[in-house]
Amino acid sequence: MSSRLSTRDLKRISDGIRDKYAKVAVNPEGQFSYPTGRAGLEKLKYDTAMVAALPETVAGSFCGVGNPFSLGEIAPGSRVLDIGCGAGVDAIVASHFVGPRGNVVGIDITPEMIQSAEANKKAAGADNVTFQLGRVQDLTGNDASFDAIISNGALNLLPEKEDVLEAAFRRLKLGGWLFVADVFLVGPTSKDMQARIQSWFQ
Numbered sequence: 663m664s665s666r667l668s669t670r671d672l673k674r675i676s677d678g679i680r681d682k683y684a685k686v687a688v689n690p691e692g693q694f695s696y697p698t699g700r701a702g703l704e705k706l707k708y709d710t711a712m713v714a715a716l717p718e719t720v721a722g723s724f725c726g727v728g729n730p731f732s733l734g735e736i737a738p739g740s741r742v743l744d745i746g747c748g749a750g751v752d753a754i755v756a757s758h759f760v761g762p763r764g765n766v767v768g769i770d771i772t773p774e775m776i777q778s779a780e781a782n783k784k785a786a787g788a789d790n791v792t793f794q795l796g797r798v799q800d801l802t803g804n805d806a807s808f809d810a811i812i813s814n815g816a817l818n819l820l821p822e823k824e825d826v827l828e829a830a831f832r833r834l835k836l837g838g839w840l841f842v843a844d845v846f847l848v849g850p851t852s853k854d855m856q857a858r859i860q861s862w863f864q
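For what it's worth, the working numbering labels the leading residue of the sequence shown as 663, then goes sequentially.
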């Protein structure tokens, strides 16, 4: 898909994503057509005890489209990468699974989201989590170093999906797991590329 987009188009998409998620970082409520916050975590059947243990500010910033942890187990001591970590809720949940011997890296392209994630990390006392601003393609020194990669509602936003997935698999250990919760379109799309770009991040 990205090969059909000009540099200008890619910038419009990127700017639109950053603008929307800068607002989401302040408060996700009303920004999506599905439940967010603690209600979203409960609806998506996140572990009840874990949800109850999350500080209200952390749970309130959740805006995922699914539950990547329903796809398989993350073992204690694992190293986990969260692509498009947003406000860091899934990274913090993953930190409970990996325990003190493991660690979690969250990466996101929106500065405001990383700022929110850092605040949530502090509130949750998740010392085994680090957050980075940027793209997974630019994550250096981490080839074949992660036991699991998670992503929740981020890949559908990115036009360079093939590049992202290639970079993700390069960073997985042999036998590692990719747990993705996302949305996809069923049915025909508009043939007007500019109209699609305009609504890309809605």
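Treat the hints as calculated values from the structure; they're not laboratory data.
Beta carbons are placed, not taken as given, at the ideal position from N, Cα and C, and that holds for glycine.
Careful: at least some of the hints might be erroneous.
To be verified - Restraint-style ranges between C-beta atoms, simulated for each label pair:
# : residue 1 : residue 2 : range
1 : Gly803    : Pro717    : 27 to 33 Å
2 : Arg670    : Gly803    : 30 to 36 Å
3 : Gly796    : Val727    : 31 to 37 Å
4 : Glu718    : Asp789    : 28 to 34 Å
5 : Glu780    : Val845    : 24 to 30 Å
6 : Glu780    : Asn804    : 18 to 24 Å
7 : Gly761    : Ser668    : 45 to 51 Å
8 : Gly837    : Gln777    : 32 to 38 Å
9 : Thr792    : Met712    : 19 to 25 Å
Range agreement (Cβ of Val845 with Cβ of Glu780, hint 24 to 30 Å): With a Cβ separation near 27 Å, Glu780 and Val845 satisfy 24 to 30 Å, so the hint holds.
Range hint compliance [Cβ, Gly761 to Ser668, 45 to 51 Å]: 46 Å, holds
CB-CB spacing for Pro717 and Gly803 relative to the 27 to 33 Å hint: Hint holds: Cβ distance 32 Å, inside 27 to 33 Å.
Satisfaction of the hinted span 31 to 37 Å by the C-beta atoms belonging to Gly796 and Val727: 22 Å, violated
Outcome of range test on Cβ distance (Glu718, Asp789; 28 to 34 Å): Given range 28 to 34 Å: violated, Cβ gap about 20 Å.
CB-CB spacing for Gly803 and Arg670 relative to the 30 to 36 Å hint: 32 Å, holds
Outcome of range test on Cβ distance (Glu780, Asn804; 18 to 24 Å): At 20 Å between Cβs, range holds.
Distance restraint hint 19 to 25 Å, applied to the beta-carbon atoms of Thr792 and Met712: The hint (19 to 25 Å, Cβ to Cβ) holds, given that Thr792 and Met712 are roughly 20 Å apart.
Gly837 versus Gln777 beta-carbon gap, inside 32 to 38 Å or not: Roughly 35 Å apart at Cβ, these two residues keep to the hinted range, so it holds.
Of the numbered hints given earlier, the model fails hints 3, 4; all others are met.
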